[in-house]
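**Q** Residue numbers (the working numbering), protein chains in the order written: chain Y, 1 to 383; chain H, 384 to 650; chain B, 651 to 721.
Derived from the structure by calculation, the hints contain no laboratory data. The beta-carbon is built from N, C-alpha and C at its ideal position, and this holds for glycine as well. Some hints could be false.
[Said to hold, decoys possible] Residues of chain H clear of chain B, computed beta-carbon distances all greater than 12 angstroms:
#, residue
1, Lys423
2, Asn424
3, Thr525
4, Asn531
[Said to hold, decoys possible] EDC-like, lysine to aspartate or glutamate: derived pairs with alpha carbons at most 16 angstroms apart:
#, chain 1, residue 1, chain 2, residue 2
5, B, Lys657, B, Asp684
6, Y, Lys327, Y, Glu278
7, H, Lys613, H, Glu623
8, H, Lys387, B, Asp664
9, H, Lys423, H, Asp443
10, H, Lys387, B, Glu695
11, Y, Lys270, Y, Glu296
12, H, Lys387, B, Glu662
13, B, Lys655, B, Glu695
14, H, Lys423, Y, Asp221
15, Y, Lys44, Y, Asp58
16, Y, Lys327, Y, Glu271
17, Y, Lys44, H, Glu644
18, B, Lys688, B, Glu662
19, Y, Lys44, H, Asp640
[As the list claims (entries may be wrong)] Now the in silico label distances, taken between C-beta atoms and shown as ranges:
#, chain 1, residue 1, chain 2, residue 2, range
20, H, Ile610, Y, Lys7, 54 to 64 angstroms
21, Y, Pro191, H, Asn485, 38 to 48 angstroms
22, Y, Lys244, H, Asn618, 49 to 59 angstroms
23, Y, Pro31, H, Glu638, 13 to 23 angstroms
24, H, Val520, B, Glu717, 46 to 56 angstroms
25, Y, Asp236, H, Asn618, 49 to 59 angstroms
26, Y, Lys44, H, Asn618, 51 to 61 angstroms
27, Y, Gly50, H, Glu598, 48 to 58 angstroms
28, H, Lys648, Y, Arg322, 52 to 62 angstroms
29, H, Thr525, Y, Gly215, 51 to 61 angstroms
30, H, Asn485, Y, Gly215, 14 to 24 angstroms
31, Y, Gly215, H, Lys592, 53 to 63 angstroms
32, B, Ala692, H, Gln629, 39 to 49 angstroms
33, Y, Met338, H, Asn485, 33 to 43 angstroms
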Amino acid sequence: MSKKNVKFIQGNEVCAEAAIYAGLDFFAGYPITPSTEIAEHLAKRLPQRGGHFIQMEDEISSMCAIIGASLTGSKVMTASSGPGISLKQEAIGYAVMTEVPCVIVNVQRGGPSTGIPTHGSQGDVMQARWGCHGDHSIVVMTASNHQDIFEITVEAFNIAETYRTPVILLFDEIVGHTRERVVIPEPGEIPLVERLRTSVKGGVDYHPYLPREDGRLPMSDFGSVHRYNVTGLFHDMWGFPSTKPEIVYGLLRHLTDKIENRAGQIARYKEYYLEDAERILISYGSSARSALHVVENRRARGECLGLLELQTLWPFPSEVVRRKCLKAEAVVVIEMNMGQIVQEVKKAVEQPEKIFLANRFDGVFITPMDIINILRVIKGKGV
Amino acid sequence: MAIKDYIRGRFFPHMWCPGCGHGIVLNSLLRAVEKLGMSKNEIVMVSGIGCSARISGYVDFHSMHTLHGRALAFATGIKMSRPGLNVIVPMGDGDAMAIGGNHFIHAARRNIDITAIVMNNRIYGMTGGQYSPLSGVGVMATTTPYGNIDHEFDIVEMARAAGASFVARTTTYHAKQATDLIRQAIIHEGFSVVEILSQCPVQFGRRNKGGSAAEMMETYKTNTTPIGSKAKKENSDLIERGIFVQKDIPEYCNEYDKIIEQAMKGQ
Amino acid sequence: MGKPKLKEHRIERDWCKGCGICVHFCPKSVLELDDDDKVFAARPEDCIACRLCEIRCPDLAIEIITEPEGK
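Extracted from the complex, chain Y is given alone in its bound form (with noise of 0.2 angstroms):
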């Protein structure tokens, strides 16, 4: 390994490089904090590689942009925090609708709205799923080190591009802008997803909305022999709009299915030392880190803990869940919000009254101390 790959950076600007490395060619973004490190990077880099970066004048008009040139055949990003993605959902349910691949970055600090801009939390976790009106289905994914942020990253973008999807990286603050070695792989080391395009001829009909059998839908850039439509009106397969009731179901239960059917393909976690755990720690993003750090301090004094680190949580790895925390007394659900994750984690396993919550919301990151009270607490000790 060459020590060129070998950097000492921000994980916004790891993540801006992974972006780089999955093929992005062009990113639209506007100035908020904790994100703006990922769009001044890009600024820079894109341009260096051909690709185009612009600052758009709003968070809307970013997202609005990153459609329409992923339209062309590009790789898109866009990055924000809260205030600025509650202003995109508009755009990001267009992009569900319309079936377009692009990745959105949220990294995430205390809300609800102007919140504590400098300091992180996982406040957001609802708002990835929910956010755009409507019944839908998104990705959204998370990582807590700067490796992971790296491979996630680009994983974002290939299952953008196999689902034909948005998909939402929320990271937050703290990961985002702590420094921290990164190994950046060689070209091929992760294998990319590149841009399915239909080999259908110019003048033979093309579907844009018409899944293959394998449950792929190529694209044709605009441009290109095929002329079609793009609509965020329900819409037949050509994309014209229609109001038919069998269209409107059949549309909805596509790009649902689409996503919900394939959670188990979707699910990225992490295991460390769930075969003997007697009590599981559930975390994911930043506050992973101080779980694990629980999990590696008090196995050292003989306590069978072991932590599930959720990578993907939506669709929510119910059965990956489920299946881990069988055997376990006690689940810990660890994250900086009034409690998100957990409910879904009460949701996958078979006995509900034996998941906890320790948590905190106050912009303090959550600390390996705050963690084992909360398990004192369960023991009966107090703290």
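Since the structure of chain Y is already known, use the hints to place chains H and B on it.
**A** For chains H and B alone, coordinates are given in the frame of chain Y:
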């Protein structure tokens, strides 16, 4: 008609009301495209939401029916990543100047090579006749049942102030001029705005004693005049038609190409 | 080449919505609406092939065909 080559005929008759000016805008636009001899594959039409926005479904180009007010934002992404495409953006008055006002201002400020056609019927037609920022004082609409109290602004002046390098205005009565202005707007390399006054006999006309579609077009004839005409000097209330701004200034995508060149050299 | 001579008014009845714009603006009063509110050429011999009806039709429903170009 050769222009029928450019439409998706299977969707005709279109959804616009009898006499709707937007149909005339479509007619004029197709003639401009025909005059230019453009290939259908090189055109992307991006529209927002509203009666105006439905135009994109009827043309046999790459078409994108987006979100209310945001067409120019989508179009910016398309044009920047594929500058060789010809991007045409028809919008309504509310679409472009109310919810879309900010994107209109900045697309003009960037002078990005997009052709914006503002189909101004001074009303929100599709939702049933609410007033728009272009309605004007006294106009009756469903949300101004006692008459509108706020003033419209001048789209041409907005475009000029924001930095658009080609700005023109005409009406559906002046269909030949509309074709010519659209043609010039498309050729122009930079942000082009063509405002076309378009009659809405059903939502605007009926509530404001507009008369029939033809009568509304007659008022476009009597209430407008070429830029700088003698009639305008005698009656300042007349609305001027023609080309207000036409200048050759750096275009956004070309300038960004220079950035790419510079960045790659520094590597 | 001489002035274009009218061959026919080609009218797409399914597309015509009877808005009356072409009738109103025809300089020679050639056109009228029939009982179904569709346009027809009542006095085709008066037509000067100015095409104002064709370019002002919101429905692309009327086309002037001339000879000898047959356009």
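**Q** Keeping to a limit of 16 angstroms between CA atoms, is the pair of lysine 327 of chain Y and glutamate 271 of chain Y held or broken?
**A** holds (15 angstroms)
**Q** If we take the beta carbon of threonine 525 of chain H, is the closest beta carbon in chain B still more than 12 angstroms away?
**A** holds (23 angstroms)
**Q** CB of valine 520 of chain H to CB of glutamate 717 of chain B, is that within 46 to 56 angstroms?
**A** holds (53 angstroms)
**Q** Quick one, are lysine 423 of chain H and aspartate 443 of chain H close enough, alpha carbons at most 16 angstroms?
**A** holds (7 angstroms)
**Q** For the range 49 to 59 angstroms, tell me whether the beta carbons of aspartate 236 of chain Y and asparagine 618 of chain H fit it or not.
**A** holds (52 angstroms)
**Q** Would you say the C-beta atoms of lysine 44 of chain Y and asparagine 618 of chain H sit inside 51 to 61 angstroms of each other?
**A** holds (56 angstroms)
**Q** Does the Cβ-Cβ separation between lysine 244 of chain Y and asparagine 618 of chain H fall within 49 to 59 angstroms?
**A** Given about 53 angstroms between the Cβ atoms, the range holds.
**Q** Does the structure keep lysine 657 of chain B and aspartate 684 of chain B at a Cα separation of 16 angstroms or less?
**A** Violated: lysine 657 of chain B and aspartate 684 of chain B sit about 21 angstroms apart, past 16 angstroms.
**Q** Is lysine 387 of chain H within 16 angstroms of aspartate 664 of chain B, Cα to Cα?
**A** holds (15 angstroms)
**Q** For the pair we were handed, lysine 327 of chain Y and glutamate 278 of chain Y, check the Cα-Cα distance against 16 angstroms.
**A** holds (7 angstroms)
**Q** Given the proposed pairing of lysine 44 of chain Y with aspartate 58 of chain Y, does the C-alpha separation stay at or below 16 angstroms?
**A** violated (20 angstroms)
**Q** 38 to 48 angstroms was suggested as the range; check whether the CB atoms of proline 191 of chain Y and asparagine 485 of chain H agree with it.
**A** holds (41 angstroms)
When the structure is compared with the earlier hints, violations turn up for hints 5, 10, 15, 29, 30 and for no others.
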